[in-house]
Amino acid sequence: PRSSTMEIPAVLAQDEASMTSRRKKGGEYFKTSNQRGEINELKKNLKEQKTEVRKDAVKKVIAFMTCGTDVSPLFNDVVQSIGTSDLELKKLVYLYIINYARKQPDAALKVVSQFRKDAQNSDPLIRALAIRTMGCIRIPKITQHLVPALKQALKDKDDYVKKTAAICTVKLYDINKEVVVDSKEDFITRLRALISEGNPMVVFNAVAALTEIGMKSGKDVFAMDSNMLRALAATLSECNEWGQVYLLDALAAYEPSEKEATSIMQRVTPQLKHKNAAVAMSAIKVIMKYLPLVESKTTRKVTLDAMRPPLITLLNHSIHPPEIQYVALRNMNLIIQRFPDMLTGFQYLKEFFCEYNDPIYVKIEKLEIMVRLAANSNIDLILTEFKSYAKEADTEFVRKAVRAIGRCAIKLPEKAQKCVQVLLELIKTGVNYVVQEGIIVIKDIFRKYPNKYEQIIGVLCDNLDSLDEPEAKASMVWIIGEYSARISNSEELLKNFAETFENEGPQVQLAILTAVVKLFLYKPNKAGDLVKEVLSTCTKKVDNPDLRDRGFVYWRLLMNPATAKQIVLGKKPEISDQTFQIESKTLDVLLANVNTLSSIFHKPPAQLVKGGRTTNFKTKDQADDEDSSDDSDESSSEDEESEEEEAEEEKPKAAAAPTNLLGLDDGPTIEESPAAVESKPTTASPSNKPVVVLSATRGQNFAGLEVATKFAKRNGDLCLNLYMKNKSQQPLTKFLFKFNANFLGLNCAEFKPPTISPGSTVQYSAPLTYEGKISDQNFGQIQAALKTQLGVAFFYIPFSDWSLIFDKDEAIEDPKEFLSKWEDLEDHKLPISSPKGTDPSFVQKSLEGVGMRKMAYRQLDASTGHACMFLSSNILDEDVLVEVEFKSGNLIAHCRADKHAEVAIKIVDSALS
Amino acid sequence: RPRQTGGGTPTRPRHPCAKMFPNLFIINSTGEVLIEKHWEGKAPRKVVETFMEQQVKKERKIDVTPVIETPKCFLVHSRRGDIVLLTAINKETAPLFVLEIHNKIMQVMYHYFGPSVSSRTVRDHFSLIYHLLDEMVDGGFPFTTDINQLQAMIQPPTIVNKMMETFANSDSVKKALPEGMLTKIPWRRTGVKYHSNEICFDLLEEINCIIERNSNLSVCEIKGSIVCTCRLSGMPDITLTVTHPSLIQDAVLHRCVRINRFRRDRVISFVPPDGRFTLLTYFLRGPAQLPIFVRPSITYTDGSGNVSISIGSKMREYKAIEDIKVVIPFPKEMLSSNLTANSGSVSTVETATGHHREVHWNLPRIPQNKSPTLEGSVLFPPGFKADYRPTLVVHFNVKMWNTSGLQVDGLNVTDVKYKPFRGVRTATRAGRFHVRC
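Protein chains in written order, with the numbering used here: chain A, 124 to 1036; chain B, 102 to 538.
Keep in mind that the hints were calculated from the coordinates and are not lab data.
Keep in mind that the hints are not guaranteed to be accurate.
[Said to hold, decoys possible] Each computed DSS-like pair below joins lysine-lysine, with the alpha-carbon atoms no more than 25 Å apart:
id	chain 1	residue 1	chain 2	residue 2
1	A	Lys875	A	Lys910
2	B	Lys433	A	Lys551
3	B	Lys324	B	Lys433
4	B	Lys324	A	Lys910
Only a predicted model underlies this, so the values are computations on that prediction, with no experimental measurement involved.
The task is simple: from the sequences and hints, build the whole structure.
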């Protein structure tokens, strides 16, 4: 196949050069009338007797084609040359067909007899080309021609033909599954036979084909045995890089005996050093799979030793771009959990030091690994490093570095003192976000080592005024409450916090409540008033049910102080750094899947990709596991917190369920992701309930505002009603709201909702105009962006109430006018793929339901039921004329309008199916 | 014979992992699709929008995670300059496989269009790129990715232009598959002919290091490579020996090097590809002799910082240290700087991402008679708590010298009748040379 394409570039490049030069002069080369002239001339040249002239003409046609020009009118003229004896011309014609067949397979099928003839040609290049071309004609009818030719090609004496045929078998599988896996047709047997043939190119293409078919069919078509294993291992070093990837992966899928495992690992080890990271990682995968099978300690040690330098090389920025480093780091994170001592040495640790111009995702992964490698022996080095990160300019990274120090403190009890010292040093710098992050971390340290570091509380208290993040505030309040007996002015401090109680978010409110109760139990004389005040605010003034309930529980509990002390001040379960560890069985699964998506997201394949495999772009639906890996770490740490903590953490979440807070009875909740909206776009029946388009728990970048929307008409004009609930801690005053170019050309001209104070809901009706840009993408939904102080959120608003835009009253009523308009306008046609009903009364009812007026119904042929119905309506001051054709049980919609025909026809489609 | 294993689970579910390259979008920084190609199925263009939504969330574009999970598919991307190579995958696929193909495509583009491939380049050569992609990937499987083979099939634009000038209408296409397609030496084309035969080796070293505040070398690594420029006729067989073979024992080798001979005798023996190629790359870790010292000092008092940075040569004998550039990144809050140098030029630059304001100090070379110093102050807004310790990035070039002392010991060209011209050059430059203060 390659042979054919190679001669084109010169021609192409020439043509391209001339094209660009012409474009630069400002002329749209392809749209001038010249083009038609050139096509005509080509047509003439293609019929010439002289081979050279025809050859030139075909080259030009191909150049046109690559540049995107439609050269289909020349198809018949081009293929006339296919029977030529001139090798070069033949290859050119094939190249043309290969490119053409993707678009118009039926036309390409016309010359199939020539392909079969060429599959017998004496030149192996022609034979391979014929096979490849047939594989590109992806329609079922090709099967009967391709099967015999392909069978023969798989047994061809030429390696090049065999290799091409192997790949072509995968193409055949896409066209017709049954015939490939059918044991009578023995395609699989033949592919397997190719593996023992020796030529590395043939072997690896056969392996690639078998793997791919195996994956698509879900059957183990490979069925590797020890003979094949030996053949693959022997070929390994002779293959090119991609071949090695396929072979290594095939090896990793095999279940070897111990003896086999040892010898294969020896063969695989040199590939660890390969410059291509995909090869190196595939080799690591084989070793991860085989190593547990080997009992010899020396073999294990030798292999692990051999793995170390290549792993480090994967991080080398002068060989690998950051993207590859990232994948390597995620995989390494798994490997060092299984082999924790592998990289703890100083020399290896240093490889994970972050550099200031690394992308943030590389830096964060390096931090993660450094925390994993942290040990009593190397913590000093790590702390110095983390300290310098905490002084960089990138806020997100600084926060992660501070957290990392805290995790080291919890992981290494003997060195906790040192970590705390570093944290204190950082807090003393007074840099706001360092202080806040430091306090969050120190709370955890207090949990792990109770009563050990309370002398630092003084330093923390110096920074009370600078706290403005809920988590930091809640942590500080927790610390004061826990140690209120030992902080002399604890009642004052808590009183200060309690003063702003009603303005705080639930997280801080709950923390204050618990802390005040603790204070009261420690110092009953001093805190009596405060606790009463807080409890009465909680139970009387606040409408957050969790807060209220907890208020009542404490109130009741405090009736019996002895019991209360036992419960509230009791011993809390310890926390540990183990929470970041992946559970052993899961780790086994993940390690067996090194170098896959699973190993990047640290989720077993079954959770990641539905059913382990999906084959087309439309089947996946897994919005619920869509949290990023960072989030999963955090959520797992939450799980292990004590019950008390859980109550604090979990309850607000339950309250955050988007539906009931809006005071709407179960309006459909739509996931925040655009695709989830898209999965049920127009079919949703026009409901009167607002649809939640943005939930408050939307992730780190934008959280705290919940929005539900509904399209409606006000005084005859379209508007969007927004129900906005502010779940953040701050009042929202500034709003910017924009629509992206959408299918209706809707535009939001004005958006001035009132200030939304925390916890309240505001209904605002935004007037809409039709002056926006029209885009033909995203039918049935409108992408919108909302900017507030909280950040920018993007979401999709489904639009399904078509009666809002179709105006029956403005529609043409006069049949004559209808007819004359019908003649004037261009026709748009769309067969309705799966109509819900096909009888005229259903069609009439459905379309009238969306705001159309029936004009006429005519029976064309009573015997076949061929009939048509005409309807008219008006959309945005524009007449829309619709015809629905009833033809042998199918519906075909025709639609004529100035601008909105495409939209109208899609609406008809969605109303009927 | 299936065995029960020691620690592992008895049966591991097999989850297949594809090695397919289903599609490629090349997009520019605003999300415009420059190239779109599908090998397996058709991914909707919407994936590009989804990708752009992820990018908008990040302060710096380079911070977008390379593998993104979206509800419908996974987006794998590589960023090179102002273009992004994006592939949407919808089944378990080895991400490195996709990333390495991206890498390969970029290498080929660099080879064809020069080292600065931008969205402009892609636009100008789109049909040539489509053509290359057609050759490089067939039905989702990598096909011809070797640059030499590709070049034999598809000529780079410059050569074509030259041809057009000289032989206006000559037919330059080749009649058969390029030789070497299925031979044992696929990297060299046959029938190479030169009037004057020459072979040159460049011993290049790059110093990557982090120098701590206390002048300790906390990380140091030398990346060395032997780059060969080969303009030899016929099928020459070359044997190269070096002075300290132990330095290169863990080297990454070009596929033409006979690996067993290298392991056994520490001799680099090979049939070279035609043109310029990297013969081997090696890495040396641990302390090394640095050609240059940098002593920074920054102290803060009440919103302003005093800066003093001096640099100088550490070489025992004189070597020209050239093209020195010291970059000092300050936080974006910096109001103004008043920095002067007794040698070279100083400028302040806002970084593209707006994250830092960088002070650039450029020196053509280190003068022999004085030691260059940069001094002055930087001003921050009142109340700004700056305990910010920038990491200086230093660039320089040294010719005729390398850190490791690796040298060519012997060079033999056999299997040819002519005596070629032979040359060896050495040079060292700063890779990622970071100085913390």
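The hints, checked one at a time:
1. As the CA atoms of A/Lys875 and A/Lys910 are separated by approximately 12 Å, the hinted pair is consistent with the 25 Å bound.
2. Among the hinted pairs, B/Lys433 with A/Lys551 is consistent with the structure: their alpha-carbon atoms are about 22 Å apart, no more than 25 Å.
3. A distance of roughly 33 Å separates the Cα atoms of B/Lys324 and B/Lys433; the hinted pair therefore is violated under the 25 Å criterion.
4. A hinted pair counts as satisfied when its Cα atoms are at most 25 Å apart, and B/Lys324 with A/Lys910 does not qualify at roughly 47 Å.
Hints 3 and 4, counting from the list given before, are not met by this structure.
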